[in-house]
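Student: Place chain B on chain A using the hints.
Chains as they are written, first to last, in the working numbering: chain A, 1 to 296; chain B, 297 to 646.
Hints in this document: simulated from the structure, not taken from any laboratory.
Hints may be right or wrong, so weigh each one.
Derived DEER-like restraints, expressed as beta-carbon distance ranges [what the hints assert, rightly or not]:
{"id": "1", "chain 1": "A", "residue 1": "Pro86", "chain 2": "B", "residue 2": "Gly590", "range": "29 to 35 Å"}
{"id": "2", "chain 1": "A", "residue 1": "Val88", "chain 2": "B", "residue 2": "Leu315", "range": "39 to 45 Å"}
{"id": "3", "chain 1": "B", "residue 1": "Leu489", "chain 2": "A", "residue 2": "Val88", "range": "30 to 36 Å"}
{"id": "4", "chain 1": "B", "residue 1": "Lys487", "chain 2": "A", "residue 2": "Ala268", "range": "41 to 47 Å"}
{"id": "5", "chain 1": "B", "residue 1": "Trp396", "chain 2": "A", "residue 2": "Gly115", "range": "46 to 52 Å"}
{"id": "6", "chain 1": "A", "residue 1": "Arg169", "chain 2": "B", "residue 2": "Val510", "range": "33 to 39 Å"}
{"id": "7", "chain 1": "B", "residue 1": "Asn514", "chain 2": "A", "residue 2": "Asp258", "range": "42 to 48 Å"}
{"id": "8", "chain 1": "B", "residue 1": "Leu481", "chain 2": "A", "residue 2": "Ser180", "range": "56 to 62 Å"}
With a cut-off of at most 25 Å between alpha-carbon atoms, the simulated DSS-like pairs for lysine-lysine come out as follows [said to hold, decoys possible]:
{"id": "9", "chain 1": "A", "residue 1": "Lys283", "chain 2": "B", "residue 2": "Lys421"}
{"id": "10", "chain 1": "A", "residue 1": "Lys291", "chain 2": "B", "residue 2": "Lys419"}
{"id": "11", "chain 1": "B", "residue 1": "Lys419", "chain 2": "A", "residue 2": "Lys30"}
{"id": "12", "chain 1": "A", "residue 1": "Lys30", "chain 2": "B", "residue 2": "Lys421"}
{"id": "13", "chain 1": "B", "residue 1": "Lys419", "chain 2": "A", "residue 2": "Lys283"}
{"id": "14", "chain 1": "A", "residue 1": "Lys33", "chain 2": "B", "residue 2": "Lys421"}
{"id": "15", "chain 1": "B", "residue 1": "Lys419", "chain 2": "A", "residue 2": "Lys33"}
{"id": "16", "chain 1": "A", "residue 1": "Lys30", "chain 2": "A", "residue 2": "Lys184"}
{"id": "17", "chain 1": "B", "residue 1": "Lys421", "chain 2": "A", "residue 2": "Lys291"}
Just a sample of chain B residues kept apart from chain A, beta carbon distances all over 12 Å, derived [as the list claims (entries may be wrong)]:
{"id": "18", "residue": "Gln320"}
{"id": "19", "residue": "Ser338"}
{"id": "20", "residue": "Lys487"}
{"id": "21", "residue": "Thr492"}
{"id": "22", "residue": "Leu521"}
{"id": "23", "residue": "Phe543"}
{"id": "24", "residue": "Ala585"}
{"id": "25", "residue": "Lys636"}
{"id": "26", "residue": "Trp642"}
Built from N, CA and C at the ideal position, the CB exists for glycine as well.
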Amino acid sequence: MTFFLQLVITGFGLGMVYALIAIGFVIILKCSKAFNIAQGQFVMIGGYLGFTFLVTFNLPVWASILAAIAVAVVMGGLIERLTLRPLVGQSVLAIIMMTIALGTILEGVATLVWGGEYKAYHGALPTITLKVGEFSIPPETLIGIIVSILVVVALMALFRYAKIGLAMRATAEDEQVVQSVGIKVTSIYTISWMIACVVGVVSGIILGGVSGVMVSMSEVGMKALAVVLLGGIDSIGGAILAGIIIGVLENVAAGYLDPLLPSGGGLANVFPFIIIIIVLIFKPHGLFGLKRIERI
Amino acid sequence: MSLPSGIFQESYGQDMAILRTKQQWIWLLIFLAVLFTMPLYSSDKIMTLATMMGISVISVLGLNILTGYCGQISLGHAGFMAVGGYVSAMLTANLGWPFWAALPCAGLAAGLVGILFGLPSLKIKGFYLIMATVAAQFIVIWLILQFRGFTGGTDGLAVPRPELFGYVIKTKGAYFLLVMIIACLATFFAKNLVRTRVGRAFIAIRDNDLAAEVMGVNLLSYKLLAFFIGCVYAGVAGSLLVHYFAFADINMFPFGDSVWYLAMLIVGGMGSTTGAIFGVITLKLLDEAMILAGPALAAAFPAIAAQAAASLSLIMRGLVIVIFLIFEPRGLVHRWELIKAYFKRWPFSV
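So here's chain A without its partners, still in its complex pose (with noise of 0.2 Å):
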């Protein structure tokens, strides 16, 4: 039973952080219409950032988030003027492509900055442990939680109280409209851009102090579309409810299944994909999307 509970509350934290780049991925799409495979790509750099302003640099840990979140802003502004606005109204396959060479590009990138080695920062960011009854929670998952529900409870405020936020879901809504009452649209393609950067980076950093940081670490982007998929491309919530369901799924199923089977296992990896299949081809529209009828 300690070992189910141990296994349900590491999943849980990972399925927080997954929620976090799921979200990332969804206000991308709902403000620029595209489909953001490079995600897992910003989570890794973070996970860099997070070790250069740590470690390298040995900042406080205030300053290396701001700094962080400073270079994130610069490369989602970067990225989308430079890479996506030529795109507007392409087909998605020219879209998804280019977010695919932007993953390789920013691969690429970070093997040359920083030698595409593992690097770890264990106990750089601070611990809170706590105990309940017979089991540890681990702090680095404690927070892990704990950083992901603030930036979950930063973002619905913005969505619904500042006005830059309120022109996000607007522009989400309509774009003519929107256009029509003096909102400009390609700004709020860039800040949809940015912010998704943020959090990007942010959970990179999270994950970064759990298990360390190397450039396959962007597949964990790979798992969360399976949490966009799960949820429904367009709802933030259902990406949160879906980030949690995988988390702790793929982390029981591989607690007790990976030792049955040959080969080690390795069924954390697969997990996303199979779920990804389960879902296109039972509820292609996830739990919580919305269901588009089509047209001639």
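Tutor: Just chain B now, kept in the frame of chain A:
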């Protein structure tokens, strides 16, 4: 297609012919003659490059039928190649089948797996379908790793040299000829397929699948047929790849290659057999240039020598896709048509 003056069509057959003038026939024969005598005067290195190009051409032609003509985007093509490659490897290495029997079986197996993962395509399209094919790639590779008793898992599987009509294909030149014969047949089939009823149905589905259905095109059977044909091509290419190295290994079919095949299609030009070939040649040459540039770069920047080559090739691959999507979204074949038109209309062209 505009023809030079003085060429007349007197029958429907003449009007439909791919090659219409004597000049085109002569050029084709010269090209084939040069292609099939290449082993006589080329080095091993060039033979390897050309064989790899031939295998990629087969694979990308399949992707072109599936994505370029039928509009069903696949980002799992390397996974389908892995199915073909491993089926062929297991049949020849474990069961002792001859190569000529294993090759069609590899194509068939990949085609059937393609149908399986194409089944959701009736319900979903666009981004959702892309995710289904990405999932196909990773699930296939994972399954290959799990059945290590048959596939060798991470250790790989040694495959005997292919044997045709009692002749063991050992030299690179002989294997090149084999690949080129299959590649030429594949090109011929692909070029003609899209001019048939099936090909026109594919194009109708790509342009607007709802409208196609209203016109009486059976969406399920034609989409699955596109998946089947595209993946048969991939399976044959995978089988040829495995037999070329006489070894099957999952690292020969990475996800990055799936992306790269789609990039070849974009660079060459979607929905064009010529474009697929252009794209393969261009990007394979680029890959080769990256391999050559790696050591030079490492020597120039000794501080980052270790990671320079790896990161350079990643960045180059990404940049090529970005540049083509922004500046030449219709691919090289479009540029080629413009250049041809320029010379044909000279001195009235601008």
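Student: Next, verify each hint and record whether it holds.
Tutor: Hint check results:
no.	hint	in the structure
1	A/Pro86 x B/Gly590: 29 to 35 Å	holds (31 Å)
2	A/Val88 x B/Leu315: 39 to 45 Å	holds (41 Å)
3	B/Leu489 x A/Val88: 30 to 36 Å	holds (34 Å)
4	B/Lys487 x A/Ala268: 41 to 47 Å	holds (45 Å)
5	B/Trp396 x A/Gly115: 46 to 52 Å	holds (48 Å)
6	A/Arg169 x B/Val510: 33 to 39 Å	holds (36 Å)
7	B/Asn514 x A/Asp258: 42 to 48 Å	holds (43 Å)
8	B/Leu481 x A/Ser180: 56 to 62 Å	holds (58 Å)
9	A/Lys283 x B/Lys421	holds (13 Å)
10	A/Lys291 x B/Lys419	holds (12 Å)
11	B/Lys419 x A/Lys30	holds (22 Å)
12	A/Lys30 x B/Lys421	holds (18 Å)
13	B/Lys419 x A/Lys283	holds (10 Å)
14	A/Lys33 x B/Lys421	holds (15 Å)
15	B/Lys419 x A/Lys33	holds (21 Å)
16	A/Lys30 x A/Lys184	holds (16 Å)
17	B/Lys421 x A/Lys291	holds (13 Å)
18	Gln320	holds (32 Å)
19	Ser338	holds (32 Å)
20	Lys487	holds (23 Å)
21	Thr492	holds (25 Å)
22	Leu521	holds (20 Å)
23	Phe543	holds (19 Å)
24	Ala585	holds (16 Å)
25	Lys636	holds (25 Å)
26	Trp642	holds (32 Å)
The structure agrees with every numbered hint stated previously.
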